[in-house]
Structure formats: C-alpha cells, structure tokens
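Number of protein chains: 2
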Amino acid sequence: MSDERKFERIAIIGIGLIGSSLAHAVKRHDLAGEIVIAEKSQEALDTAMRLGLADRGTLSIPSAVRGADLVMVCTPVGAFAEVGQVMQDHLSPGAIVSDVGSVKQSVVRDLGPCIPEGVHFVPGHPIAGTEHSGPEAGFAELFEGRWCILTPPPGTDRDAIERIASLWRTCGMMIEVMDAGHHDQVLAVTSHLPHLIAFTIVGTATDLGEHIQQEVIKFAASGFRDFTRIAASDPTMWRDIFLNNREALLEVCGRMSEDIAQLQRAIRWGEGEKIEALIRRTREIRRKLIDAKQA
Amino acid sequence: MSDERKFERIAIIGIGLIGSSLAHAVKRHDLAGEIVIAEKSQEALDTAMRLGLADRGTLSIPSAVRGADLVMVCTPVGAFAEVGQVMQDHLSPGAIVSDVGSVKQSVVRDLGPCIPEGVHFVPGHPIAGTEHSGPEAGFAELFEGRWCILTPPPGTDRDAIERIASLWRTCGMMIEVMDAGHHDQVLAVTSHLPHLIAFTIVGTATDLGEHIQQEVIKFAASGFRDFTRIAASDPTMWRDIFLNNREALLEVCGRMSEDIAQLQRAIRWGEGEKIEALIRRTREIRRKLIDAKQA
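These protein sequences, in sequence, are chains A and B.
The first sequence begins at -1 in the numbering used here and counts up by one.
The second sequence begins at -1 in the numbering used here and counts up by one.
These aren't lab readings, by the way, just hints derived from the structure by calculation.
One or more of the hints may lead you astray.
As the list makes no split between identical chains, a pair holds if one copy fits it or if it spans any two.
[What the hints assert, rightly or not] Calculated lysine to any residue pairs in the SDA-like style (CA-CA distance at most 20 angstroms, straight line):
(1) 25 to 6
(2) 272 to 241
(3) 216 to 143
Computed from a predicted model, the values in this text were never measured in an experiment.
With the rest of the complex left out, here is chain A (with noise of 0.2 angstroms):
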C-alpha cells in the first residue's frame, strides 16, 4: 500500500475478536502511522496494551477519536448508539467512520445521525470469526480469503469507500456493496438462524436430566458437538444481533418452524417418502457450496 492512502492515526473503539485481530493486521501491513484503542474495560485495555496492539490505549472515546482520519467501531451493535453520542463532536474533519458490526441497519439508524457534515460513514462487515473472543483471541489471518461487506448510505463519498475496501482488501478480504436492509436478510440466513438454533439445541440439551447429559457430553461427536462450538461465541455480541436484526431474523425463524412442523408431522405419520425428499434438496444447496469453494 502506498504511503499518500495509509491512515495517519486509525482509533479502534471496542478491542475484542475483531478490533484486535484488525489491530493485528494494521500493524502487519503497516496501514497506518498509529493506532489508538478506546475500550470500556479497563482490563480487556491492559491486556491489548501488553500485547502490543496499539501505540496509545485509553478509556476514553474522544480522546481516541481526536485527531483519528480513520475510526472503526468494534463494538457490539448493542452500543453503536451510545458510541456515536460520545464521539460526535470529537470526530475530525475528513475523518472516516467505519464499523465491523454484524447488523447493518441498525447500524446506519444509530450512527449514522452522529455523523457529522464533512466526516464520512462507511459501515462494513468482516464476516469472520472464531469461537473465541477477547483482545487475546485476534490474530492478523482471520480476514484472509473472507468476505467484507460494505453498505454505504446513498450518497457517501466514493473516495472514503475505496478507502475502506482499499483496507480490507489488504488484510486479504473480498469485498462486496449492498443495501443495509439486503446485508441483513442474508446474514439472517447464512449466520443468526444458524447461531440462534445452536444456542437453542444447546439449551434444550441442558435442560435434560443430569444422568443424560452426561451422556450427551460423552456422545457428542455425532453432530452436537458442531453446536455447541457455533453456540460458544460472545453472548452479549450475539444478544445485541438478534436485538438490531429482530424482523429479519423473526422472518426466517418463522419459516424455520413451520419447516420443522412439517418434518416432525412426516416423522409421526411415517411419511418415509416424503422426509427423503426434503434430505434430498439439502445435498444440492451442499454442491453448490462446494462449487463456489465455500463449503
């Protein structure tokens, strides 16, 4: 990357899986000249202080985003609207916001009347991550050969979009632009049914009697333990993306249910030709992953 596009000073606001795997990836690529992190807990804060992530670490959001040309909030979306209140009348002139929030609508409502005129709002989606959180959990490859998704407001400055494609890119994303409310659709499918159903079969499993879950932990190879790894990612993160993406998520839960209505009713009828059938379709959306090198 050339030095006219680095970044003179990026704050990261919220240092957990991904602000500090970003922090990772900013240092390896030398994206920027500094890094600043503001992050609510003063221990998460020691913590990347000591593994070197940033330049400067502070509790405070203005003292981060002053003098900032780039600050990417990496927050749960629970405290986009509080984080944009705070850091408002700190944000520099030129200045890009961005975001790595998993819900893009909710997003653009609560940031985006932050915005001040002459800062620009770019908010994106890495989509990717691990099982694990905290600012001991990043590292500088969880971006490499993922998808970024950008969802520009109508009208933001193009310059400032590439700039933030420019540094995804770099830490080895691809990149993609889309409405916020289409972003959210597909992310219901593709990631909150799926995590809002593994925490939910984990549940269920724990709610039984203490002799069979003790079996079901020694047992679970075949096919829970997928669960349960989905279900181990960050509750307050993940209690926040069902909040901000309740209709969509709503919608496709309701589809959902009445899929597996149908199924228990074949299953309670011993409608053995028509259960087949339903297993079957599911092998050719598998192909068709495993065409587009995504299974």
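Since chain A is already given, all that's left is putting chain B on it; use the hints.
Frame of chain A; chain B shown alone:
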C-alpha cells in the same frame, strides 16, 4: 489379536461408509480369515470388489451368511426386518449377528425375532461417520478414538458380547454397554435432532428466492456452512433413523420447538437479559465438552 479369537468368516451386509470402513479395518488388523460382502446394488458391489474390500462378493444374503461366524448388518435400519427374514434360515449355529445401526430399539424389534436358537445377537452402534457415503468413502481409521455402544438384550451370551467389543476395540473404539431404549434417547439429542435441524435449516434456505439463495451460498462461511456439512449425510440412512427413533426424536424436537418459541418471543419483545441468560448457559455445556475432551 490372538488367532483363537479371530473370526473365520465375517459377512458384511451392506457396503456403505460404515461397512466399507469395517472391511478396511478388519483387513488391516487381520480380524478375520475371510471377508464376504452381500450388497443389493450391483454397482456398489463392483466398486467394493474393485477396491479389494472382500474375498468374495454376492448379491445374495443367504450365500454371504452361510458359514460365517460373524454377520455384521450395515444396511440402513429400514432394511433390517427384510434382511433378518432373508438370512434367518441360513445362519450357522454359534454365529454372532451384530449391526452398526444408529437406532437400537427398532433393531432389536426387527432383527431379534429372526435370530434362531443357538445364534448370538449383539446389537451395536459405532458412533463414527463422515458426510460421505458409499463403498469408496470408507477408511480404516474412521473408528479410532470414538465410542461404540453395544445394546445386547438381557441374557445375551457374555463371550459373544466380549468378541464384538474386542472387534471394535481393535478398530480403535471405546466400548459402552447400555439398554437399547436409553441409547435411543441419548442419540436423539446428540445426533438425530442436530441432523433433523440441519436438514431443515438448509431446506428453509433453499426455499428462499433464487437471488437471495445465491448470496446465502456466497456468504455461507458464518455458521450456515457447518449445517450444510451435517446435512450432506446419506438421505436413505437418515430417513430410516428418523422413522425408527420416532418417539425419542419427537420428544426432544418438541422440547426444542418450545425453546425456539421462547427465544423468538424474547427477541420480538426486546428482552435482552433473557436472551443473554439463555446464550450464557450454552457456554457451560461447551466447557464441559472441552473438559471431557469431546470438543
């Protein structure tokens, strides 16, 4: 394994993923003097013989079981009643009939009445598998480090149980003996329900419009991909499992549907604390899995 415990002739009925993996393992560990395969698909049989999985292959179950001191039934469980009827008059005195079916009460129900006086019956379930199927999918290491549950009916010959346990131990498995009904309850939670859900959710995505479906495939990496892998398993096998573990499966499925409805309601009404509490308890069971080295 000492020669006195080696089987003279193992008949493997059905040469899918488990049957072919067993054939590989039997050869590698020299567990039998001779391996005979019975398979109803000429194509699968040809493939198995070309791969050198057996000394002899046949389309005739009577021909395969005649003279075998171990008959291992590896077909989908829906075929067990027919397999039992076809082979019952051809089993050798002193032989052991075992199986690898993922449900056990229905196996006792369907195969049990076909076992003549003087033949031993040791139902078993090696909990191992991949999302691939057919004779080319098998490999000897499939069973290593995994559990095998045996569900011998009361009064089963102890030596016969021990020989089957020893066979699977030599293949690398850990052995657990339990009641067939209890097995079916535990597996309903750890395996059958996760598969039912994975099939359903992938089907739900398939029902969405073509435009959104393509994007679901493109951005599958964030949870959905794990479900499609689970959902790629053999359709006939899973149809039979669902139909033959109906009661236990409908019971846990009903519990889960209630839990989904509860979470849906909390999302609809914006009950953040309730959502977070539900998510947090799933981490606990994940931690237990890690402690039990099943994660």
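Same-copy or cross-copy closeness of residue 25 to residue 6 [CA-CA at most 20 angstroms]
within (13 angstroms within a copy, 65 angstroms between copies)
Taking 20 angstroms as the upper bound on the Cα-Cα distance, should residue 272 and residue 241 be classified as within, between, both, or neither?
Only across copies: residue 272 and residue 241 sit 11 angstroms apart there, 35 angstroms inside one copy, limit 20 angstroms.
Is it within a copy, between copies, both, or neither that the alpha carbon of residue 216 lies no farther than 20 angstroms from that of residue 143?
between (35 angstroms within a copy, 12 angstroms between copies)
In terms of the numbered hints stated before, the structure departs from none.
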